[in-house]
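Asker: Chain order of the listed sequences is A and B.
Taking my numbering, the leading residue of the first sequence gets 123, the next gets one more, and so forth.
Taking my numbering, the leading residue of the second sequence gets 4, the next gets one more, and so forth.
Be careful, since some hints might not be right.
[Unchecked claim] Listed next, the in silico DSBU-like pairs over lysine-lysine satisfying Cα-Cα at most 30 Å (straight line):
(1) 378(A) x 200(A)
(2) 200(A) x 25(B)
(3) 378(A) x 25(B)
Source of the hints: derived by calculation from the structure; they are not laboratory data.
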Amino acid sequence: MTTFVSILYIIAFALFIYGLMGLTGPRTAVRGNWIAAVGMAIAVIATFLLPGMGNWWLIALGIVLGTVVGVPAARQVKMTAMPQMVALFNGVGGGAVALIAWVEFRTTDGFAHEPLYVAIASLFAAVVGSVSFWGSNIAFGKLQELISGRPISIGRLQQPLNVLLVVAALACAVVIAAGGGSEWLIIGVLVASAVLGVMVVLPIGGADMPVVISLLNAFTGLSAAAMGLALDNTALIVAGMIVGASGSILTNLMAKAMNRSIPAIVAGGFGGGTAVA
Amino acid sequence: MLVESLAVLVLAGFVGFAVISKVPNTLHTPLMSGTNAIHGIVLLGGLIVLGMGADGVLNKILLVIAIAFGTINVVGGFLVTDRMLGMFKEKPKEQQDAAKEAKK
């Protein structure tokens, strides 16, 4: 059965790649999107076929909840509000990765009996997923004008604070990888990354937001790939990494199209207007 | 197992780089949205961890939320991409002009 699942996964990758190729051309884009969607459906069905799957009611509950929220949101959003919708969908993806990493920590007694690479990959996924979730939510808030679209920064303290947050998240992660099993450590990782995500996106102006969303999109892809390494699931590794790589290229293309450079955007402070994408 | 996974990881990275070479500017946002839908594959992570028997109420709650998040990412992502692209379909002429513009 696992071989059959692997074959279905391979078909799914092929469809993802073919679909993405379609998405890069105006004439093939609509079809490309649906080809990728079919690939996703195959990947999900394949996962249901894995031996030993259980907890069906809870799985059904999660999927129904997601569908009930996701479909109307995607259907009813105004055309002009598309970029923030993408930010929101990207954010929940990152949030899912962070939550899975947290549960992984809880169910393995802090990765006590797992190989080191599982701990490292899970912790990477936790950090990046959390940054992506909170960063995307701030991007959503800015584009939706729940938060001022203008750059919000705390001045010169900003960069040292960000560095401090990175150090805090890494320190907690290193203690966990070295064998620390306290749950506060993983909560520390998630919270420090969350504050970092908020702090990095807040100083960025609304006009630069589409590029930032694309960057966070690539990040979420990378965190999905890391989660795949930890769970030893090829589907997550391949799809996540394809998004991580193509997302980085796309971020670069978008920044170039706007005559901006990614470091300048992340450093923030420009583009005070609202988004034009 | 790790080495095989890393090999797959690196190869997938190169595929990702190769797929995105020339994209007209008008397709940047739909393409971002399409890749966004694809990383909704994290849904599978939630399915596996919950399906393989996670115990404890908090773990189950977190995983149901994760699966719901992943589903929103997948379903919403593909639908939103389709709607964006549908916007292009309705005015094919402008779209062609825009594509020409992007090629310059």
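Asker: Next step is simple, just say for each hint if it's right about the structure.
Answerer: Results of checking the hints against the structure:
no. : hint            : verdict
1   : 378(A) x 200(A) : holds, 27 Å
2   : 200(A) x 25(B)  : holds, 28 Å
3   : 378(A) x 25(B)  : holds, 13 Å
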